[in-house]
Amino acid sequence: MKTANISKSLKKYGIYLVLVVLIIAFSIATPQFLTVSNILNVARQAAMLGVASVGMIFVIIIGGIDLSVGSMVTFVNIFVAYLMVNAGVSPIVAALTGILVTTLIGLFNGWVVANIKIPALIATLATQIIFEGAAYIIAGGMPIFGFPKSFSVLGQSYIGFIPLLVIVMIICLIIGSFILNKTFFGRHFYAVGSNAEAAELSGIQVKRVNYLAYSLCGFFAGLSGVMLLSRTSSGQVTAGKGFEFDVISALVLGGVSVTGGSGNISCAVAGILIMQVLSNGFVLCGISTYWQMAIKGVILLAAVGFDMMQKQRQHVVKK
Amino acid sequence: MSEAILELKNITKRFPGVVALNEVSLDVRAGEIHALCGENGAGKSTLIKTCTGAVIPDMGEIVVEGRSYTSMTPQLADKCGIAVIYQELNSVGDLCAAENVFLGNEIRKGIVVDKKVMAEKAAKVFESLNIKIDPYEMVKDLTVGYRQMIEIAKAMVHNAKILIMDEPSAPLTNNETETLFTLVEDLRKKGVGIVYISHRMPEIFRLSDRITVMRDGQKIQTMDAGNTNNDELIKLMVGRELTSTFPERKNMIEDNILLDVQNITGNGVKDISFQLKKGEILGLAGLVGAGRTELAELIFGVKKAESGKIIWKGQEVHFNCPKQAIRAGIILCPEDRKQQGVCLPLSIWDNAIMASLEGISKGPVVNHKKAEEICQHYKEKLQIKTPSLDQAVKNLSGGNQQKVVLAKGLATSPELVIFDEPTRGIDVGAKYEIYKLLNALIEEGKTIIMISSEMEELMGMADRIIVLAEGEHQGELNREEFSQEQIMQYASGPN
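Just so you know, the protein sequences line up as chains A and H, in that order. Note that my numbering has the first sequence beginning at 1, numbered continuously upward. Note that my numbering has the second sequence beginning at 1, numbered continuously upward.
Hints were generated in silico from the structure; no laboratory data involved. Treat the numbers as computed from the prediction; the structure is a model and nothing was measured. We put the CB at the ideal spot given by N, CA and C, even for glycine. Just so you know, nobody snuck in bad clues.
Calculated pairs, DSS-like style, for lysine-lysine (alpha carbon to alpha carbon, straight line, at most 30 Å):
no.: 1; chain 1: A; residue 1: K311; chain 2: A; residue 2: K207
no.: 2; chain 1: H; residue 1: K116; chain 2: H; residue 2: K140
no.: 3; chain 1: H; residue 1: K394; chain 2: A; residue 2: K117
no.: 4; chain 1: H; residue 1: K362; chain 2: A; residue 2: K207
no.: 5; chain 1: H; residue 1: K161; chain 2: H; residue 2: K79
no.: 6; chain 1: H; residue 1: K304; chain 2: A; residue 2: K117
no.: 7; chain 1: A; residue 1: K207; chain 2: H; residue 2: K370
no.: 8; chain 1: H; residue 1: K385; chain 2: H; residue 2: K338
no.: 9; chain 1: H; residue 1: K362; chain 2: A; residue 2: K182
no.: 10; chain 1: H; residue 1: K381; chain 2: A; residue 2: K182
no.: 11; chain 1: H; residue 1: K190; chain 2: H; residue 2: K49
no.: 12; chain 1: A; residue 1: K311; chain 2: H; residue 2: K385
no.: 13; chain 1: H; residue 1: K369; chain 2: A; residue 2: K182
no.: 14; chain 1: H; residue 1: K370; chain 2: A; residue 2: K182
no.: 15; chain 1: A; residue 1: K207; chain 2: H; residue 2: K338
no.: 16; chain 1: A; residue 1: K207; chain 2: H; residue 2: K304
no.: 17; chain 1: H; residue 1: K79; chain 2: H; residue 2: K49
no.: 18; chain 1: A; residue 1: K207; chain 2: H; residue 2: K369
no.: 19; chain 1: H; residue 1: K338; chain 2: A; residue 2: K182
no.: 20; chain 1: H; residue 1: K323; chain 2: H; residue 2: K362
no.: 21; chain 1: H; residue 1: K140; chain 2: H; residue 2: K109
no.: 22; chain 1: H; residue 1: K369; chain 2: H; residue 2: K379
no.: 23; chain 1: A; residue 1: K207; chain 2: H; residue 2: K309
no.: 24; chain 1: A; residue 1: K311; chain 2: H; residue 2: K338
no.: 25; chain 1: H; residue 1: K140; chain 2: H; residue 2: K115
no.: 26; chain 1: H; residue 1: K140; chain 2: H; residue 2: K121
no.: 27; chain 1: A; residue 1: K117; chain 2: H; residue 2: K338
no.: 28; chain 1: H; residue 1: K140; chain 2: A; residue 2: K117
no.: 29; chain 1: H; residue 1: K323; chain 2: A; residue 2: K182
no.: 30; chain 1: H; residue 1: K323; chain 2: A; residue 2: K117
What the simulated footprint calls covered on chain H by chain A, stretch by stretch (three residues with Cβ under 8 Å from a Cβ of chain A suffice, anywhere in the stretch; the number is not a length):
no.: 31; stretch: 320 to 331
no.: 32; stretch: 341 to 354
no.: 33; stretch: 361 to 373
In isolation and in its complexed conformation, chain A is listed as follows (with noise of 0.2 Å):
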């Protein structure tokens, strides 16, 4: 019974055993990784992956995927860079606004799903096209810039020594976690992730779970496009390009599974560290960008591979 649970507890929480093998491969592989500024430069960095990845979580635990997040990050960039400069509101105003809107885009992802019932990955496709089209059609494919100073505040300031921007993430983590955990409609997530009919035979509305998750996804993907517009001062329409790959990444290497019905805060967080970690250290090492993208694919690939392997494992010892 007691090697059952350790070997339970070590599947479940193996992949932090991965980032400090990784943390470890770095640290020899060049010095300039294990420094005080460049951790707070990874942390840094993970705050708007971590934060649009609590979004993302309730999708992919649904049974969903939404390829849309990175585009709204890239909207909410160019549309609260517009509403500060051309506009002139002021940035509290455009940055709550920005986030009312991915979350209604979000609302509107989980309608289409759950009602015009077109599969998550076309209909959050077609999504991330239109508001990737939005964007460039605001800003004319220009970068925006010149925001009033306040607006900085968010992207740049620190708290003692730790930013503002990882604070932020802590605050969502442990909100997302509190949703997955100790909310009802937390736990309707799961359900409806494990077996949709079951929940609906149980009183579950299955609809508004949906509607639900994909909002909280487009709330968390535009806070994330907020904090990154803050971070860099500069509205980009390249901002949230290929995004939702990080994010989706950092999840499945977490463990939450691409099937639904399983995955949690904290081993997510693991993954999130991962990534950044991945792409904080090929750049001190060098290594392109291209070759970059490379790898992240064949890491995606062997995550969800694992996943699966382990899924189907599962079925044979059952039968």
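Model the placement of chain H on the given structure of chain A, informed by the hints.
Structure of chain H alone, referenced to chain A:
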């Protein structure tokens, strides 16, 4: 009398825990229609599957035209001239009739399919069978009856000498059924040996030359159709006496009517009315597909009725979703436990509390202490055998999974519990426990609708039984009138 072209000798097949076929022998002669009948679960389908290679028998032999085989494969069955028309048709909607007839057997020029030659040949086959189908017609535009004919034509192209048909008339309209009969009779004249599975007495007597009755995985008897009659056949099909005992319960039936269903139609159910008294166990009997589950879905708000009324506790209700039914005090424990009942990867805790989670939350936050109490309470009450509530449901036995479904339902404090096949796939000991639980629910003042394909179980547990067939109310029996023969008679549909 002609020779047997297909002979099954002492076929035995065991599945874990059950003997599905116990030394069953059957022979089919060229040019005869051999009806195979029996209750749900008698072993008819398994027997057929041994002829097509879908099931490998543990013992026995399959003799086709004098050649003996220990088991079949789909390819071998095809070579031997055995073809099966299943209830779910395997035609491809986006191909035309001719292409379907030659599916997997296409006439080609090099790698290009020669549609014209196929259409000509298909037209000839259709003509020889007296089927009026345009070979170029898309199959998705055809009715079920025509699709079935295409399957039969396909079997003929494969030179089938033995044609096995699994309830072919079930999805058909009256006119289509008539055409099917003519076609089957034609095939008999052509010397094809036909195994015809059906529950419908009139058509069995109309078509068949010989009849074999199966029950509980055994062959009971083969007889000439002329030497038997309706009543004898039904007696042979149900046969067994009530053997198992059922736990006693107090009579709790009150006079007030809890549920009043009036002329409800929709979801495959036609014009059904019944009343349910508080404290009653109402059994719904019928064959698979008779509309029992569909009726339950209408009452529980899974599907919407086209017409008719549901009056719950004196008020007319329209449930749009199960949530509303649950709020009103109705719960359904569904038929397919794994598909509809439980979330297999989640814990017992998660499953048991699933339906009542929102109710025990303060705002959005779950009251964990209360949830824990409820789960613990039902774990003890229903005696769910598990080391911990964190155990994933997939690791539990069938009986314990069923108890988890029940716990989930009871945690919503229902007044009416609808059980759809509550004891399917669970072992005898666990069944008895479930029966005791049902009685306990009644004694607590709840009311039950019980759907079951096991007649014994219904007769042992119910106060009253309504028999459905083809979505319609066929008859109703009070406890003192219960008889297997009568139920079977009603269940085989209007004569």
